[in-house]
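S.K.: So the sequences go chain by chain: U and A.
Sequential numbering from 1 applies to the first sequence in the working numbering.
Sequential numbering from 509 applies to the second sequence in the working numbering.
Hints were generated in silico from the structure; no laboratory data involved.
Note that the Cβ used here is the ideal one computed from N, Cα and C, for glycine as well.
Straight-line C-alpha distance at most 27 Å; calculated DSSO-like pairs for lysine-lysine: (1) 517/A to 1016/A; (2) 622/A to 788/A; (3) 1064/A to 989/A; (4) 818/A to 665/A; (5) 678/A to 1299/A; (6) 256/U to 533/A; (7) 622/A to 557/A; (8) 1299/A to 436/U; (9) 531/A to 989/A; (10) 622/A to 256/U; (11) 1168/A to 436/U; (12) 665/A to 557/A; (13) 1143/A to 1064/A; (14) 102/U to 531/A; (15) 195/U to 205/U; (16) 200/U to 189/U; (17) 102/U to 533/A; (18) 216/U to 238/U.
The calculated label-pair distances, taken between Cβ atoms and stated as ranges, are: (19) 373/U to 675/A: 52 to 58 Å; (20) 422/U to 678/A: 57 to 63 Å; (21) 366/U to 640/A: 41 to 47 Å.
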Amino acid sequence: MHPSSSDKPAAEKISFLLDGEIIEINDVDPTRTVLQYLREDLRRTGTKEGCAEGDCGACTVVVAELDHDGESVRVRAVNSCIQFLATLDGKELITVESLRGKDGSLHPVQKAMVDCHGSQCGFCTPGFVMSLLALYKNNASPTRLDVDDALAGNLCRCTGYRPIVDAALAMYDESSQRDASDDWLLGAKGTNTEKPLQEKISKLKSIRRTNNLAIKQAGRRLSSPRSVAELADLIQAKPDSTLLAGGTDVGLWVTKRHRELDEIIYLGNVAELRNISVSATHIEIGAAATLSDVMPVLVEHFPALQELFVRFASPPIRNAGTLGGNIANASPIGDSMPALLALDTVLVLREGQQQRELPLDEYYVGYQATALQPGEFLEKIRVPLPASSSGLQTYKVSKRFDQDISAICAAFCIGLDGDEIVTARVAYGGLAAIPKRAKQCEQMLLGKAFERATIDAAINVLDADFQPIDDMRASAEYRMQVCRNLLLRFYLESTGAETERVYGYNRA
Amino acid sequence: MTDYKHIGKDFVPPDILGKVTGKAKYAEDFRVDGMVFARLYTSPIAHGKVTHIDTSALDTMEGVIGVLTADDVPAVEAPNAAILTNSPAYIGDPILAVAAVDELTAEEAMTRIKVTIEALPFAVDPLDSLIEGGPDAREEGNIFVRSREGSGFRTVKWSQQQVDEFRAGKEPTGEFTDEWSYGDVEGGFANAEVIFEAPFVTTGYAHMSMEARTAMAYWQNGTCYVYGSAQSQSFWMPGLARLLGVEMSKVVLISENTGGGFGSKIGAYPIAALPGYFSKKLGRPVQLRITREQEYYIGSARVGFQGWIKMGFARNGRMTAADVFIIEDIGPNATGGDGSSAGGAVSLVYDPAAMRFRGLPVLTNTTPRGAQRGPGQNQIAAVMAPLMDRAARELHMDPLEIRKINAVNSDTTVYAEQLPVTSAYMTEALEKGADMFDWDTKYNQPRRNGNKVIGVGIGQGYHSAGTKGFDGLIRITPDGKIHLHSGIGNLGTYSYASTTRAAAEVLKCEWEDCVIHHGNTEANLPWSSYQAGSVSTFTHTRANYVAAMDAVDKMKAITAETLGGVADDYDIDGERVFNISSPAQGMTYAAVAARAIQLGGAYSGASYPDDIHEITQRAVQNIAGTGLIGVAKDKLAQEGVIPGLAAAFVEIELDLETGKYDILDYVGIAECGTVMHPQGLAGQMKGGAVWGMGMAGLERHVYDPQNGLPANVGYHQCGIPTYLDVPAVIRTSAVDLPDPQNPFGARGIGEPAMGCSVAALTSAISDALGGHTFGRTPVSRDMIVNHIAGKPQSFKPQQTNNF
Ligand SMILES: Cc1cc2nc3c(=O)[nH]c(=O)nc-3n(C[C@H](O)[C@H](O)[C@H](O)COP(=O)(O)OP(=O)(O)OC[C@H]3O[C@@H](n4cnc5c(N)ncnc54)[C@H](O)[C@@H]3O)c2cc1C
Ligand code: FES
Ligand code: FES
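The whole structure should be built from the sequences, with the hints applied where relevant.
M.R.: Take a look at the structure:
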């Protein structure tokens, strides 16, 4: 066996911080959510439930944890309605109640919300306050775009959002009656004095776990290994376990579909799985790296992914959700897959000690079915470099700008030698039962000149690659039409002919 | 302009502090000793009869406390909504409830219950029911007419040909049940220069308040305490007492905060009474919190329209006649009335010289309908805006000009009865908006840029915005505090608080010395209007005004009685009553209050006017003897329709290849008389604007036609606008001219704030598409791309509620 944390007996209780106190809970129910814990067990009812599916942000809380280096604190907003309590082990939970001073004074974020009239019915307000707190702690002087992004996971039916944006911009100038030098929460990013920060770090260190966690409650178990090797063993021993990464898909199985998950293996504490490294030949992403961590690295090499990622769910979902989870979940409308297909991504799968590489293109075998064998799991994701694929472009078409499932997601990667198309990878999500490359279309492109006639011919065979369905997100007709339009738009954009149009439609 | 101390000034509503700190309590946040949790079992089929319920598996299930079925609650007559039913008429109709030690157990218990339901035919699209041989949504018929002359079921069928003609956009020739008109409609068309007809569809959708409705109840000494998610406070009482089957004096409603309502919680709804019955049965407090999905089922939805309109315009742009026909989708419980309200809005906003309205309310097995922000007015606002543009185009006019020519003003007479309006300044609103938006420049700019095209649009919104005859109640205590009792609900507009400032204004007192009492029957609240229909501001500035005037009269009389002279010798200021000719002589409010207690009678509330409502009477009885009481029923003069109006201007950039559009600029102008609370008004205008954006492009409910299953039962499916779907800047302002029938000149605004937005957007989309009118909301990207690509739409003309 592996000489590691498993030498020590696995812990049966979780520990985390709340309002400066260390909370320890024995054998917590593995699928109890943070929201249920707050509202039902603690009766801290400030945090609200608007949907119980990660959709509305009313339940937003902030989680602080030691960063990878162990010497700084990261602060993230997450949706407590789909976050399992056991995943808080070793972290700090901050809720809307945590912000008010013992003297009753308001936190600058709360004060700004009052001054800007950012609350009407108030049901969404605690969630907005917590998203704003995360912004406050992570960004010393946000741009308007940063504010936009920070609030994208919170719905409000009353205010029309504007007063809340005003609050986001005003909160940095609010004074507090409390002494900021003593209170870590009060300091905006960059303004915190060392003392409270160091205290915070040492407190988090004091509950940092080195051994595994294994809890059972009401016939359900959750194990949280610390190393890939242990993880591999656990999965091999219990191949029917549910792997839990960020839980932004799995959480819904519990809260919405009321599925009983008897055996859960949590990946979030396997440090190796959260690594992201860049070499000359590829970017290697641990399967449990969060989308928030992965995105900046990918965008640095493939700027075309910027918009796609901003529009991928919402910040709290991206803070918890992982790239590995998105791939493994195998939804036909998962947003990362068309781009990863176009980039010729390779997956590293592992079973016990055995690793194998599989092109993403061969991973999906049918509707929500993958090539993953029992006992096997996704360990790493390799995106080839150099970015010869400067021709990468992606498009997400959905009803809403963010927080929405794609009707169609498209990614194109065309490599040219002079005028000749030497690589052609065309991938779409939302058009078939799996995210899929348009192989016939690609064949029409390869070896031809990159010109309008080639594109027109390629567009014409898209019908052979895809036979989409009608559903309430979009009609089949619309999907095919936009599928064709996007390829043509890609051509027009990459040849600088943006002003040309798909339709000979006249409007002066 | 009058120089007010409080009116027109911003203030911090006292409850906002609880909202930002998480301390504010909503119905679901209350816990009492012994409380158990209930969950609902709702119908999985669209229409049927429950033949058997087997809950035997629960007998031995740990944690289960009890079951409540339709047999435990009063039966109601179809088509009205019951608390629980054995005749479900839509998917989600509540059939039974289970109480358990916690929600998860109650939820788990649901999976072990066996309910046998015999299926009946159902209809999701009104036209499917209307066609001969089509299914009826209720066994009693497919139409339900509510009218003063007598309500009842009817069965109305149209021939295949009549339905086909209607689908083809022709004037409907089938039977209808409702009709009104004014003026010479035929003559109006005969005199018109331009005439056109247009079919339209507006799809319904859920209210989607952020809080899924909750109620908790227990009984104490024969009184039922209900912690509810209520839009109104005092106005809930008669209905809640009726649902619970007790006297109004035996009900206490606690509703300090409500997570939005938008029309879906105006009066007590049946499910709010469920915990009362369950609690009686179990002898324990019961809380029922429904799920988000269930909120989509039973939280009610906007009425959908399938209609046809014909309009005629004179050469100068005046509308000479309008003829409107609306099939109204009234869901399974026959709730609506939106059709006729839509007709009324046409008559008011565009003031046609003659007009006819015909309507047909059709039952469907879909989510029950209810008033939703501008019920009727806002659907028709969306329909009318692009048609006004079309008229302008055919007459070679600027779309702004044709709206101004037809704009409602203080002399306009409206509705079938051609009633006067209290005042109206739509022209001013349009001019102010055009100026802020820079309409001339934007309208004349080049529109095409590559695959993008610019569209500009103007929208007008209207809702009647006030009522009268409610009570006001204030109290001044010997500690000098001024207690303002507000029986309005608190769903987030803060009008429960802003209207009390009318009393503070009259009393010329400091806001810091005022205490607002609200949110709990036991806080001794007066009879107040429903907190809906944009009425609170007009109605309750009046009620607070009359109560405060009563207090001033009493204070002057007491001072005269104490210091000599007559009441008219005295005036008030600085929280003192003073002698006008020798101001040093006087009494503080605190001293007057103490004196009022000594003097008793009407001064201290020992007696009170007999025309106040029994709810107010009880409140006065409870506080009698604690200070000086000001109480009165609003009998101020009021005549005619009280309009709330708004105008909006919007600029969009539409992507021709995907059908998506971005909103580049938005200007909304309120015309609601005097501005009472600037921040509150801006909040309504911005919140309403975003509602309009949702209605124009995103929100609709959809049912699977095979099974009647709703497909939109989550926020992500229905897609209300998020923060990033709305423009970076929403600019708002107000005309701010006083209405003569309100002591401070104020009228309401909540609903027109949305109507102007949805109208401006449908107008802008049509403009971007060179004047094409879809005659349908929401306008999806699908529809836009199919139109541009010359492809057929994926739905039949006039099809609704399914895909
Ligand atoms: C409100 C909301 C909005 C969303 N918006 C989007 C969106 O815009 N675009 C989009 O694509 N998705 C979206 N999602 C879906 C989801 O967030 C993503 O799929 C996310 O990437 C899943 O990652 P996770 O870590 O949370 O996965 P989890 O929920 O933890 O797991 C998902 C699945 O993957 C399996 N799994 C996880 N890790 C591994 C592994 N290493 N090996 C094998 N199997 C594994 C799990 O067992 C499970 O079956 C949204 C979800 C929500 C709730
Ligand atoms: S409750 Fe809606 S996101 Fe959690
Ligand atoms: S204030 Fe009501 S939902 Fe935001």
